[in-house]
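Let chain A serve as the given structure and place chains B and C on it in line with the hints.
Each chain, written out:
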Amino acid sequence: MTEEVHHLPLMTSDIILERRRNSRIVQTGVCLVLVALVAWSVQVTIIDDTDWERMGSFANVLEATNRFIGIDFALFKDLIVPTIETFMIACLGTLLGVIICIPAAWFGAMNITPFKPVTYPIARMMMTLSRSIHEIVWALFFVAVVGLGALPGIFAIAVRSVGFIAKMSAEAIEDIDPGPVEAIRSVGGNNLQVLIYAILPQILPQVLGVIIFEWEINIRRSAILGLVGAGGLGLVFFRQMNTFNYHGVMTVIIAVLGLILLGEAVSHRVRRSII
Amino acid sequence: MNPNGTSTTEAPLVWSRYKFPDTFIRYASWITVFVFLAYCIEYLNIPLDRLFGMFGRMGDTLANRYYPPDIEYIMDGEYMEYVVETIQMAYLGALFGLIMTVPLGWCASYNMTPSRRYVYPVARLITMGCRAVHEMIWAILFVSILGFGMLPGVLALTFFCTGFAGKLFAEEIEAVDMGPVEAMRSTGANLFQAMAFGVFPQIRVAFTGIAIYTWDVAFRAATVVGFFGAGGMGWYLKRNVLQIETERVAAILISILVLVMISEAVSAWARNKAMEMK
Amino acid sequence: MTILKVTDLHASYSTSGPEILKGITFEVEDNDFFAIIGPSGAGKSTLIRCINRLVEPSSGEIIFDDRNVTTLPRGELRMLRRDIGVIFQEFNLINRMSVMDNVLSGRLGYTGNLRTLFRAFPREDIDHGLRLLDRVGLIDHVDKRADELSGGQRQRVGIARALMQNPKMLLLDEPTSALDPKISREVMGLIKQMATELKVPCLCNIHDVQLATEFCNKIIGLQDGYMKFNGPTEDMNKEKLDEIYAMEVL
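Chains as they are written, first to last, in this note's numbering: chain A, 1 to 275; chain B, 1 to 278; chain C, 1 to 250.
Treat the hints with care, since some could be wrong.
[Unchecked claim] Once the Cα atoms are required to be at most 25 Å apart in a straight line, the calculated SDA-like pairs of lysine to any residue come out as: (1) C/Lys-192 with C/Glu-174; (2) B/Lys-167 with A/Leu-257; (3) B/Lys-19 with C/Leu-130; (4) B/Lys-273 with A/Lys-116; (5) B/Lys-273 with A/Met-125; (6) B/Lys-19 with C/Asp-127; (7) B/Lys-19 with C/His-141; (8) B/Lys-273 with A/Ala-36; (9) B/Lys-19 with C/Arg-131; (10) A/Lys-116 with C/Ser-12; (11) B/Lys-273 with A/Ile-25; (12) C/Lys-240 with C/Asn-217; (13) C/Lys-240 with C/Thr-7; (14) B/Lys-19 with C/Ala-120; (15) B/Lys-273 with A/Val-26; (16) B/Lys-167 with A/Arg-271; (17) B/Lys-238 with B/Ile-254; (18) C/Lys-144 with A/Pro-201; (19) B/Lys-167 with A/Ile-47; (20) B/Lys-167 with A/Ser-273; (21) B/Lys-238 with B/Ser-263; (22) C/Lys-182 with C/Glu-197; (23) C/Lys-168 with A/Ile-25; (24) C/Lys-192 with C/Gly-151; (25) B/Lys-19 with C/Arg-123; (26) A/Lys-77 with B/Leu-37; (27) A/Lys-116 with C/Gly-75; (28) C/Lys-144 with C/Asp-134; (29) C/Lys-144 with A/Ser-273.
The hints are simulated quantities; they were obtained by calculation from the structure and are not laboratory data.
Pulled out of the complex, with its shape left as it was, chain A reads as follows:
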């Protein structure tokens, strides 16, 4: 009497279809749960919370939108100084951020951090903190501490940028080829010489690219920091909204867009010439 030695089921279409049906049931189940979740959220956040009466009909909404369409040409000459201010805040903020990044990236790179159990976690924490807090919150904090004007804006931008730049730089440092480091040590080089000759040339293109990328984003951020008192176009925006000069608001937005466009163009060209 021979036992069936092979008990493996033959792969038939039935089995495949059944498996697909099972996975589809699971998938549908998950989808239904998600849809229910979304529907509940929409109910709670939008439907319940919105003051439908005050909002009025769709026509009212359209009319409200229409108020914004138009340009206040008289405002343009008053925008020149704030625009320059916004641009400068972005530049100085990025510069300060890069300066702070030097120790942050040094501590945050596993291969060159001076005292791994202490300095590495500190650096990582700094980077996470910087990226987790919105620039408006940073601006609020710095305005409270150093007063109104461009300075808190610069600090806010600087602190906000540290996270990204330091993280990318630390990763670049961790990826370097250790060969040149060995070579400079063998020649009798000290730590500074190893840094300048072996580490920096390897990471420079990447780090510069990251800095310019973040500079471009910072222009966008600087434009709104004025909303909380940190200088630049944001302040003009705030004033225009408060005086219900909707066309003025649109004009400021156009100025901001123009500045961002400029930043993008410069960033694109410079990054291409670095690589």
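For chains B and C alone, kept in the frame of chain A given last:
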């Protein structure tokens, strides 16, 4: 030149690091940048001499006015409701934004757009426009049109996420290997089918990454849109800032920090799961 | 005269890891072209790196030029390294920098921090560098980026860089393993020629036994961290070779 031989040149060997005009241009550019930055400092009236004193003042303010943070204030039920609402706003905004990104990013990609002359530039413009306008400006605009509440918040986040994810998505599509797409086209598939079977499988993983990144950014923004009336815990922030209740502000900031860190941990886990599934 | 004396050297890569070198003893005279041969993993690279303490020995003694390498403090270690030139298997050049800058980097041990920042090397160094580049046949490539050169050319830059230090000894870590056979021979020939001219003893880690017997006057053979042979090249024969490479044959 004999590689193992002795010198065959008789003239004295000279070398200088400075090659005109390359070196001149490089140094000139750097000097221009530095002069410009110095001018910025001048123009904005930055008091460099008082700068270091400010750090002392900062530490002082932190220690006296922001400490101890009023933790009880944020533990109360009503605040928690606002926190939940902030989370809901964030993922609704991210979700709707990602839904809109799928067609928009597709149209904004140079290789897969239905029409390079008409659809592509328009899609690109929309994406860039949504992205260039800061999420706070979107929030203020929507609050102005629709009144206070969470609807403007969700809309603002949606528009922002559309621009943000749209750019990344379009770039992913442009980086795709066109081989499978050509194969699909040659079987007679139309653009949509080529997209679905040729492109989507290749970008599925990247799209998950973009989705997670978008959620991260949306959540960070959601915590603050309430400051301008668009719902969520930002409203509490504004109230306490205006009333100069600094200890409560400190507590709110801590709550924001904790939430963002939790969100980051969840994102990191989700990203790892996505990596595994690849 | 003995320039390098290694006594009972033991080394491992980490305190809990396996021991790579298990008691190596040999001497290098100041007119030697000394070879270290052995199968992969025998510890040849580790031995070379112990000499200038790129790898810390766990026990044993290394006396170079009457200095006890193993006990030197940091500052004096740097000065010791100035006197030892190293030529690497993977060249280890600074890829984005020019050939000239790479050669000049050989003088970093003698250059102060301020000069380093501005890469302002003294005139004598520049002249010396130019002469060396001429001697290795790369005078026409002075301003090229290091990564624009071929493998053989890059190693020649490495040779020039090592000799810029006016070293008292050269360490060579498989200098030709990354080059094809014809270029390998040329480069080894160039190194031997210049070392003899400048009267610099060499301690060379070689994978190719034929090159070793051709260019070197003394050989030590390592196997699994032990020294299996130590003597002049003439004494090396097939039996002793088989003993060293026994593992590989298996």
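Right, here's what the structure says about each hint:
1. For the proposed pair C/Lys-192 and C/Glu-174, the alpha carbon gap of about 14 Å is at most 25 Å, so the pair holds.
2. Between B/Lys-167 and A/Leu-257 the alpha-carbon distance is near 17 Å, which keeps this suggested pair within the 25 Å criterion.
3. For a cut-off of 25 Å, the pair hint linking B/Lys-19 to C/Leu-130 stands: about 17 Å separates their Cα positions.
4. Among the hinted pairs, B/Lys-273 with A/Lys-116 is inconsistent with the structure: their alpha-carbon atoms are about 28 Å apart, more than 25 Å.
5. With a C-alpha separation of about 24 Å, the suggested pairing of B/Lys-273 with A/Met-125 holds against the 25 Å cut-off.
6. A threshold of 25 Å between alpha carbons decides the hint, and for B/Lys-19 with C/Asp-127 the separation of about 18 Å falls inside it, so the pair holds.
7. Taking the CA atoms of B/Lys-19 and C/His-141, the gap is near 15 Å; set against the 25 Å cutoff, the hint holds.
8. For the hint pairing B/Lys-273 with A/Ala-36, the CA-to-CA distance comes to about 24 Å; that is within 25 Å, so the pair holds.
9. Our distance criterion of 25 Å between C-alpha atoms is met by B/Lys-19 and C/Arg-131, whose separation comes to about 21 Å.
10. Of the supplied pair hints, the one linking A/Lys-116 and C/Ser-12 holds, its CA atoms being roughly 22 Å apart against a limit of 25 Å.
11. Of the supplied pair hints, the one linking B/Lys-273 and A/Ile-25 holds, its CA atoms being roughly 21 Å apart against a limit of 25 Å.
12. A hinted pair counts as satisfied when its Cα atoms are at most 25 Å apart, and C/Lys-240 with C/Asn-217 qualifies at roughly 16 Å.
13. Between the alpha carbons of C/Lys-240 and C/Thr-7 the distance comes to roughly 22 Å, so the proposed pair stays at or under 25 Å and holds.
14. Restraint check for B/Lys-19 and C/Ala-120: the C-alpha separation of about 15 Å stays at or below 25 Å, so the hint holds.
15. With a C-alpha separation of about 18 Å, the suggested pair B/Lys-273 and A/Val-26 falls inside the 25 Å cut-off, and the hint holds.
16. Between B/Lys-167 and A/Arg-271 the CA atoms are separated by roughly 18 Å; this keeps the pair inside 25 Å, and the hint holds.
17. With a CA separation close to 15 Å, the supplied pair B/Lys-238 and B/Ile-254 stays within the 25 Å bound.
18. For a cut-off of 25 Å, the pair hint linking C/Lys-144 to A/Pro-201 stands: about 15 Å separates their Cα positions.
19. Under the criterion of a C-alpha separation no larger than 25 Å, the hint pairing B/Lys-167 with A/Ile-47 is inconsistent with the structure, at around 31 Å.
20. For the suggested pair B/Lys-167 and A/Ser-273, the alpha carbons sit about 22 Å apart, so the restraint of at most 25 Å is met.
21. As the CA atoms of B/Lys-238 and B/Ser-263 are separated by approximately 23 Å, the hinted pair is consistent with the 25 Å bound.
22. A C-alpha spacing of about 23 Å is found between C/Lys-182 and C/Glu-197, which places the hinted pair at or below 25 Å, so the restraint holds.
23. Distance hint between C/Lys-168 and A/Ile-25 is unfulfilled; the C-alpha atoms sit about 77 Å from each other, more than 25 Å.
24. Restraint check for C/Lys-192 and C/Gly-151: the C-alpha separation of about 18 Å stays at or below 25 Å, so the hint holds.
25. Under the criterion of a C-alpha separation no larger than 25 Å, the hint pairing B/Lys-19 with C/Arg-123 is consistent with the structure, at around 17 Å.
26. In summary, the hint linking A/Lys-77 to B/Leu-37 is supported, as the alpha carbons are separated by about 24 Å, within the 25 Å threshold.
27. Our distance criterion of 25 Å between C-alpha atoms is met by A/Lys-116 and C/Gly-75, whose separation comes to about 23 Å.
28. Distance hint between C/Lys-144 and C/Asp-134 is fulfilled; the C-alpha atoms sit about 15 Å from each other, no more than 25 Å.
29. Between C/Lys-144 and A/Ser-273, the direct Cα distance comes to roughly 19 Å. Compliance with the 25 Å bound is thereby established for this hinted pair.
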